[in-house]
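Visitor: Chains as they are written, first to last, in my numbering: chain A, 18 to 236; chain B, 45 to 334.
Derived by calculation from the structure, the hints in this document are not laboratory data. A quick note: this is a predicted structure, and the numbers were derived from the prediction, not measured. For glycine and all other residues, C-beta sits at the position ideal for the given N, C-alpha and C. A hint or two may mislead.
Claimed, not checked - In silico DMTMM-like cross-links for lysine to aspartate or glutamate, where the CA-CA straight-line distance does not exceed 20 Å: (1) LYS190(A) with ASP169(A); (2) LYS94(A) with GLU326(B); (3) LYS196(A) with GLU175(A); (4) LYS31(A) with GLU326(B); (5) LYS49(A) with ASP140(A); (6) LYS123(A) with GLU329(B); (7) LYS47(B) with ASP89(A); (8) LYS33(A) with GLU20(A); (9) LYS88(A) with GLU326(B); (10) LYS94(A) with GLU216(B); (11) LYS49(B) with GLU175(A); (12) LYS143(B) with ASP89(A); (13) LYS33(A) with GLU326(B); (14) LYS33(A) with ASP130(B); (15) LYS116(A) with GLU326(B); (16) LYS149(A) with ASP130(B); (17) LYS124(A) with GLU216(B); (18) LYS325(B) with ASP89(A); (19) LYS94(A) with GLU210(A); (20) LYS116(A) with ASP130(B); (21) LYS116(A) with ASP46(B); (22) LYS31(A) with GLU329(B); (23) LYS149(A) with GLU131(B).
Stated by the list, open to error - Non-contacting residues of chain B with respect to chain A, defined by C-beta distances greater than 10 Å in every case (computed): (24) LYS61; (25) ASN94; (26) PRO244; (27) VAL330.
Stated by the list, open to error - Simulated coverage check for chain A against chain B, where a stretch passes if three residues somewhere in it have a Cβ under 8 Å from a Cβ of chain B: (28) 47 to 57; (29) 120 to 133.
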Amino acid sequence: MAENIITVENAVKKFKETTALNDVTINFEKGKIHGIIGRNGSGKTVLFKCICGFMQLTSGQIAVDGKIIGKDTDVPKNVGAIIEAPGFLPNYSGFRNLKLLAVINKKINDEKIKETMKIVGLDPESKKRVSKYSLGMRQRLGIAQAIMENPDILILDEPMNGLDNKGVEDIRKLLLNLKDEGKTIILASHSSEDIELLCDTVHEMDAGILKTVKLNENN
Amino acid sequence: MDKVKEVVTLCNLNFRKWFSSTRIKIILLLVVLLIYNNFSGVRLFAAAANVNVTPWGLPFLLSNFNNLIIIMFGYVFLYCNAPFIDEQKPYVILRSGRKIFSAAQILYIFVSSLIYAIFLAVATIVCSLPRVEFSPKWGKVFKTLAITSEGSQFNVALPVTEKITLNFTPIEAMVKQLLLLWLIGCFLGFLIFALNMHFPRFVGIGAASLFIFLDMFADFFRISHGFFSNRIYSFSPISWANLTIQKCNPAEMLPTFTYQCTVLLMVIAILVFIILLSFRKETIEVIPQI
């Protein structure tokens, strides 16, 4: 039987007059890529922030790997994420930026950081400051920070933003490889091609209401 | 032990951002200019008298309310971005958890407030160069400026007051001054932090500014209402950075050093408690950094 790694039950998030999440219930199965589509402001990012523990739900609950966010744990363990624009120290190189994040948990060494940078197509030996990076390079660095500690769950909000065609192709391959390794990926994208090629399940968010669009048998 | 290291690591992350922060550079530059201006007359006076200045000028600098206000606004600008959640921090919180992160921000305020206070003390010494002489006494320059009007010939802007030279030894004055500056900086930082978590940033900055202007109001109130109005200083924590507003003899209706430290420590403890409690549930919102 398929195992659900993230369960969202009757999630409601209200901001004064606006309801960003309106009774959302969904289970994300382990080891698959789940696509979330929807217009800007439909509630995708709010859902991601709630899963990451950055926002508290008004009602309902979210459990990641069996632990209820805000009750059993404040932020989920073993999750890598890109939500909105990834931020880095502009005066530091990409490698030093990743190292600053890696020293918090001390799960990985310098070699693993360098290896991850190479995987996303960045030169780990480059002394170039992040302030000099192009949008695409910053996005690649953002993806590197999300995957470098080998988390079981990846929450990626528009990870292809700013990437050129080659970059998009690279990241698609990377995500499929990560899926093959057993990672669970939740991906928000405006690109129907990304969704079609990558996702096992697709859900559409519209004005805070989430509905399953399809279960992609091809993937 | 690992958690302590994690807190220190995250705290250090905030300090790394000082190097790329224009705001921090502007604060330090303004403060140095203020101190330089205050000490230029002292340097001229010392050169004319051919004597050296002792490095105990900080308590005098803060005994003028104009200087005090500018220096206190340094703290406000230092902490205006509290709780210091820039675009990088959500990824930090995802790794550290909320408790470690909030503890690190609290540690950052404690340490940075102390650094700012020490920076002020060091800047007063640097701005007295080259005529600086280490001595456990106030020295001829400050003693003379405190009891005579000689300073006016050299446009000495530094308000050297006899109350300080009479009632405190230099070491005692410096220790008390640094301790009070540190605690007041922490108070302002935690006040802004606690308010910024729940309200738009201008509320936190506004509340801290109100406390600073309360010092100015207290000065006007004392001048216009006389002796008993000194009691108002018991409710103006920013004024406590001025050692002339400290009870030195039983007849004065001013707050004592013990009262000042006790109140500041209690308020800081309450604010830290509120921050730790609130941060558990607060939305992690990226605040555009000033």
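Visitor: State for each hint whether it applies.
Guide: Outcome of the hint check:
no. : hint                     : in the structure
1   : LYS190(A) with ASP169(A) : holds, 17 Å
2   : LYS94(A) with GLU326(B)  : holds, 19 Å
3   : LYS196(A) with GLU175(A) : holds, 17 Å
4   : LYS31(A) with GLU326(B)  : holds, 14 Å
5   : LYS49(A) with ASP140(A)  : violated, 29 Å
6   : LYS123(A) with GLU329(B) : violated, 26 Å
7   : LYS47(B) with ASP89(A)   : holds, 19 Å
8   : LYS33(A) with GLU20(A)   : violated, 36 Å
9   : LYS88(A) with GLU326(B)  : holds, 14 Å
10  : LYS94(A) with GLU216(B)  : violated, 50 Å
11  : LYS49(B) with GLU175(A)  : violated, 34 Å
12  : LYS143(B) with ASP89(A)  : holds, 13 Å
13  : LYS33(A) with GLU326(B)  : holds, 16 Å
14  : LYS33(A) with ASP130(B)  : violated, 24 Å
15  : LYS116(A) with GLU326(B) : violated, 27 Å
16  : LYS149(A) with ASP130(B) : holds, 19 Å
17  : LYS124(A) with GLU216(B) : violated, 48 Å
18  : LYS325(B) with ASP89(A)  : holds, 13 Å
19  : LYS94(A) with GLU210(A)  : violated, 31 Å
20  : LYS116(A) with ASP130(B) : holds, 18 Å
21  : LYS116(A) with ASP46(B)  : holds, 17 Å
22  : LYS31(A) with GLU329(B)  : holds, 15 Å
23  : LYS149(A) with GLU131(B) : holds, 17 Å
24  : LYS61                    : violated, 7 Å
25  : ASN94                    : holds, 46 Å
26  : PRO244                   : holds, 14 Å
27  : VAL330                   : violated, 7 Å
28  : 47 to 57                 : violated (count 0)
29  : 120 to 133               : holds (count 3)
Consistency with the previously given hints fails for numbers 5, 6, 8, 10, 11, 14, 15, 17, 19, 24, 27 and 28, ordered from lowest to highest.
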